[in-house]
Each structure stands twice: as structure tokens, then as C-alpha cells.
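K.L.:
All chains, full assembly: derive it from the sequences and hints.
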Amino acid sequence: MRAVGSDGGRYQVGADTAGSRGVQITTGAANTKGSYTTLLTTSFDASRLIITLSRSSSSGDYLVDIALDLGGGTFQIIANNLLMSPFDLNASALYDLPFEIPAGSVIAARAQASPAAGSSTLGISAMIVESGLGVSSPYSGLLTMGANTADSGGTSVDPGASQNVKGAWVELDPSVDRTLFGLILAFGQQLNNARANLFHLFDIGIGAAGSEQVILDNIPITQSTNDPILPLTTPIFWMSIPEGSRLAARQQANTADATDRLADIIAYGVY
Amino acid sequence: MTWFAIHDANGKLLSAGTVIAPNLPADWVVKEYPTKPPDTDMWDEASRNYIVRPPKVLIDRLQDILDHPAYADIANFYSNLNPANKTRFRNFLIKILGARRWRNQAETISLDGSPD
Chain A
1 MRAVGSDGGR YQVGADTAGS RGVQITTGAA NTKGSYTTLL TTSFDASRLI ITLSRSSSSG
61 DYLVDIALDL GGGTFQIIAN NLLMSPFDLN ASALYDLPFE IPAGSVIAAR AQASPAAGSS
121 TLGISAMIVE SGLGVSSPYS GLLTMGANTA DSGGTSVDPG ASQNVKGAWV ELDPSVDRTL
181 FGLILAFGQQ LNNARANLFH LFDIGIGAAG SEQVILDNIP ITQSTNDPIL PLTTPIFWMS
241 IPEGSRLAAR QQANTADATD RLADIIAYGV Y
Chain B
1 MTWFAIHDAN GKLLSAGTVI APNLPADWVV KEYPTKPPDT DMWDEASRNY IVRPPKVLID
61 RLQDILDHPA YADIANFYSN LNPANKTRFR NFLIKILGAR RWRNQAETIS LDGSPD
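For the protein sequence lines, the chains are A and B, in the order given. Following our numbering, the numbering of the first sequence begins with 1 at its first residue and continues without gaps. Following our numbering, the numbering of the second sequence begins with 1 at its first residue and continues without gaps.
The hints are simulated quantities; they were obtained by calculation from the structure and are not laboratory data. Don't be surprised by glycine CBs; every beta carbon is placed ideally from N, CA and C. Just so you know, not all the hints are guaranteed correct.
Claimed, not checked - Partial list, derived from the structure: chain A residues whose beta carbon lies under 7 Å from chain B:
| hint | residue |
| --- | --- |
| 1 | Asp158 |
| 2 | Ala168 |
| 3 | Trp169 |
| 4 | Val170 |
| 5 | Glu171 |
| 6 | Pro174 |
| 7 | Ala194 |
| 8 | Arg195 |
| 9 | Ala196 |
| 10 | Ala208 |
| 11 | Ala209 |
| 12 | Thr225 |
| 13 | Arg246 |
| 14 | Asn254 |
| 15 | Ala258 |
| 16 | Thr259 |
Unchecked claim - Some chain B residues flagged as far from chain A (calculated, every beta-carbon gap over 10 Å):
| hint | residue |
| --- | --- |
| 17 | Thr35 |
| 18 | Ile65 |
| 19 | Leu81 |
| 20 | Ala84 |
| 21 | Ala99 |
P.N.:
This is the structure:
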């Protein structure tokens with residue numbers, strides 16, 4: 001369905017209108033990517049791609065690849081291992097990607113899920129936005145840092161036994177392979193749906209172990225007994241991260257419980 | 001790939017990863033591991049090493065319903081059932097509770113969080 005935006009730009013969305021939901025994607029067996037499913041064929045040049053991951057058929061962690069279908073069974077991945085970590089079944093993880101997508105592109109997705117949710121479905125909606133000023137985007141992809149395809153989650157960050165004190169840094173990427181211009185963060189609850197109400201503050205740093213410098217501090221996260229980890233994703237934090245940098249994360253939490261204090265994180269670098 | 005864990009003189013873990021900085025403070029200690037320890041392990045300051053993370057303690061809401069004084073009427077009802085009906089009733093409650101059967105120690109028995 002295509003609509004005209006009030007700023008002169010255009011929008012186009014791929015959805016399962018018969019079911020009032022995102023396009024249904026079936027995951028592979030446990031922790032294995034399934035087949036690609038087409039989300040959208042673009043009608044115009046776009047400078048923004050908004051991906052919404054929502055409502056799974058089974059409780060678990062999900063990792064999703066977004067790709068351009070080049071035909072002949074060839075897919076070019078533009079966003080790798082986007083995380084959705086629902087509470088029970090319900091979640092809505094939104095990724096706002098500043099990508100240049102040419103008209104006529106076929107956007108597709110495939111997904112994997114943690115073992116209990118293998119061969120299940122989730123909804124994925126793709127929206128493209130044409131800039132009202134006709135300005136193209138210089139960005140074309142994400143570098144994924146910290147995804148754990150072995151359990152369809154992220155990198156576990158432990159704040160340690162001291163409450164409300166930043167714990168140790170843990171490595172997300174030892175050396176980024178290109179200059180990055182922004183970061184999106186996604187958080188996962190490690191399939192732990194029986195938590196007390198908790199708060200966390202996350203830092204992101206760059207530098208070798210023992211000399212990390214904070215580049216983002218005190219990103220707030222909450223977890224509870226009745227809700228998914230919130231927020232599931234962040235907007236883009238625009239910043240320059242030089243090629244070769246080591247990226248790390250640390251956090252603090254208001255609990256010393258050895259399991260509940262944990263949370264997963266994945267960082268996505270915009271390039 | 002070698003995994004490094006850096007701790008201070010008190011055993012507090014400062015950082016972990018595959019790339020360490022040169023010229024660390026003299027009282028910091030770098031420990032090497034053949035691979036990254038699993039998430040089922042956690043750092044222990046006392047032993048200056050990774051140890052197995054203790055299992056999460058979960059409380060069975062089914063037992064809460066049958067044992068808690070606030071639900072004494074249910075306990076009385078349950079105690080008067082014959083074994084076969086006790087099993088049927090337990091299975092019914094397990095089905096109804098579903099994923100919410102197991103709670104955190106800090107959670108209330110009630111699913112909506114109202115006081116016990």
C-alpha cells in the first residue's frame with residue numbers, strides 16, 4: 001500500500017493486509033535461518049527503510065536478516081541479525097535504517113529463532129520512505145556486532161554482584177572492519193520471563209580491553225515480570241567510529257541476582 | 001581465540017575480550033583463557049576466576065496456590081479430593097498457568113501483581 005506523506009515524500013509499506021499484520025516469515029529449525037520471503041518491491045527511490053519485527057508464534061529470541069533479492073537465488077544482505085526478544089509472544093522491535101534503496105528493489109527477509117521457537121513465525125513489515133527534499137542517503141548497510149547465532153540472541157553483559165555499579169566491559173567487536181557513522185542498539189532478555197522489576201544502564205565504549213573510552217553512557221533499559229525488555233531497540237546514535245576500533249559494552253543493574261542482572265546486547269554500526 | 005580477563009588487585013573484573021591494551025596499570029592482572037567462557041559461567045572476585053553461575057531459583061505458583069495461607073480455601077478443597085481428582089485439578093491449574101507457572105522470588109503469587 002502506498003501513501004503520500006505530508007512533507008511531499010512518499011511512503012510504501014509491505015504488510016499482510018489479509019491478516020492485519022506484518023508479512024509472516026517462518027524460521028528454520030532451532031538457531032537456523034529459514035528461507036527468504038519477499039517483503040516489498042520498491043516503487044521509487046528511497047532514502048530510509050523502516051523494519052518492524054513483531055508478534056511471534058512462539059516464545060523465544062529471533063534474529064532476522066534483511067536482504068535485496070538480486071534474482072537467481074542471490075541475496076545481498078543489508079542488515080544482518082536484527083534482534084527481537086519478545087516476552088512470551090508479544091514484541092515490536094523497530095529498526096529505522098537510513099539506507100538508499102533504488103526503485104525496483106525486492107526487499108526480502110529470513111529469520112532464525114532459539115530452540116523452543118524453531119520453525120515458528122513472526123511478522124515483518126518493511127516501509128520505505130522517499131525524502132521530501134529528494135536527498136539521497138549515503139548509507140547502505142549495518143555492521144552487526146555482538147550477535148550470537150548459537151542461541152539467536154546477543155552478547156550477555158554481566159554487571160557483577162555489586163548493585164548499581166558499572167560492571168566489567170565485554171567485547172562486542174575486536175576490530176570493526178570499516179568506518180561507522182552511527183550505532184543502533186538492541187537488547188535481549190535471554191528467554192528469562194520470570195524476573196523481578198529491574199532497571200539497567202548500559203555504556204558503549206571503544207578501545208582495547210583495559211583502556212575503553214565511553215562513547216555512549218547510561219542508556220536505560222527496564223525488565224519486568226510482565227513485559228518484554230524495553231526498549232527493544234534504540235534510534236540511531238550518530239557518531240563516527242574509526243575502522244579498526246574495538247567496541248565493548250558494560251552495564252549496571254539494581255539487582256545482584258546472578259541471572260536476573262544479565263541482559264543481551266547487539267550493536268549495529270551504520271555505514 | 002584467546003580470551004583475556006583483566007581484574008584489579010581486589011579481584012574485580014574490569015574488562016574481558018580478545019584485544020588488550022598495552023601498558024596496563026601494574027596492579028592489574030591479565031588472565032588468559034583458550035576461548036571465551038560460556039555465559040553459564042560468571043566471574044568470581046574471591047577466586048579471581050570464572051565459576052559456574054548458580055541456577056536461577058524459581059517458585060512454583062502451583063504450590064503457592066496449594067500451600068499459601070491466602071488460598072486456604074483452595075487447599076481445603078484440594079485436600080478433600082481423591083487422588084485421581086487431585087491429579088486432574090493439578091493438571092488443570094498447570095494448563096491455566098502456562099508459562100506463568102514459575103515466578104521470580106520477588107514476584108507476587110497473583111499474576112497481576114496485586115499483593116498476596
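K.L.:
Please go over all the hints and tell whether each is borne out by the structure.
P.N.:
Going down the list of hints, with the structure as the test:
| no. | hint | verdict |
| --- | --- | --- |
| 1 | Asp158 | holds, 6 Å |
| 2 | Ala168 | holds, 4 Å |
| 3 | Trp169 | holds, 4 Å |
| 4 | Val170 | holds, 6 Å |
| 5 | Glu171 | holds, 3 Å |
| 6 | Pro174 | holds, 5 Å |
| 7 | Ala194 | holds, 5 Å |
| 8 | Arg195 | holds, 6 Å |
| 9 | Ala196 | holds, 4 Å |
| 10 | Ala208 | holds, 4 Å |
| 11 | Ala209 | holds, 4 Å |
| 12 | Thr225 | holds, 5 Å |
| 13 | Arg246 | holds, 5 Å |
| 14 | Asn254 | violated, 11 Å |
| 15 | Ala258 | holds, 5 Å |
| 16 | Thr259 | holds, 4 Å |
| 17 | Thr35 | holds, 13 Å |
| 18 | Ile65 | holds, 16 Å |
| 19 | Leu81 | holds, 28 Å |
| 20 | Ala84 | holds, 31 Å |
| 21 | Ala99 | violated, 6 Å |
Hints 14 and 21, counting from the list given before, are not met by this structure.
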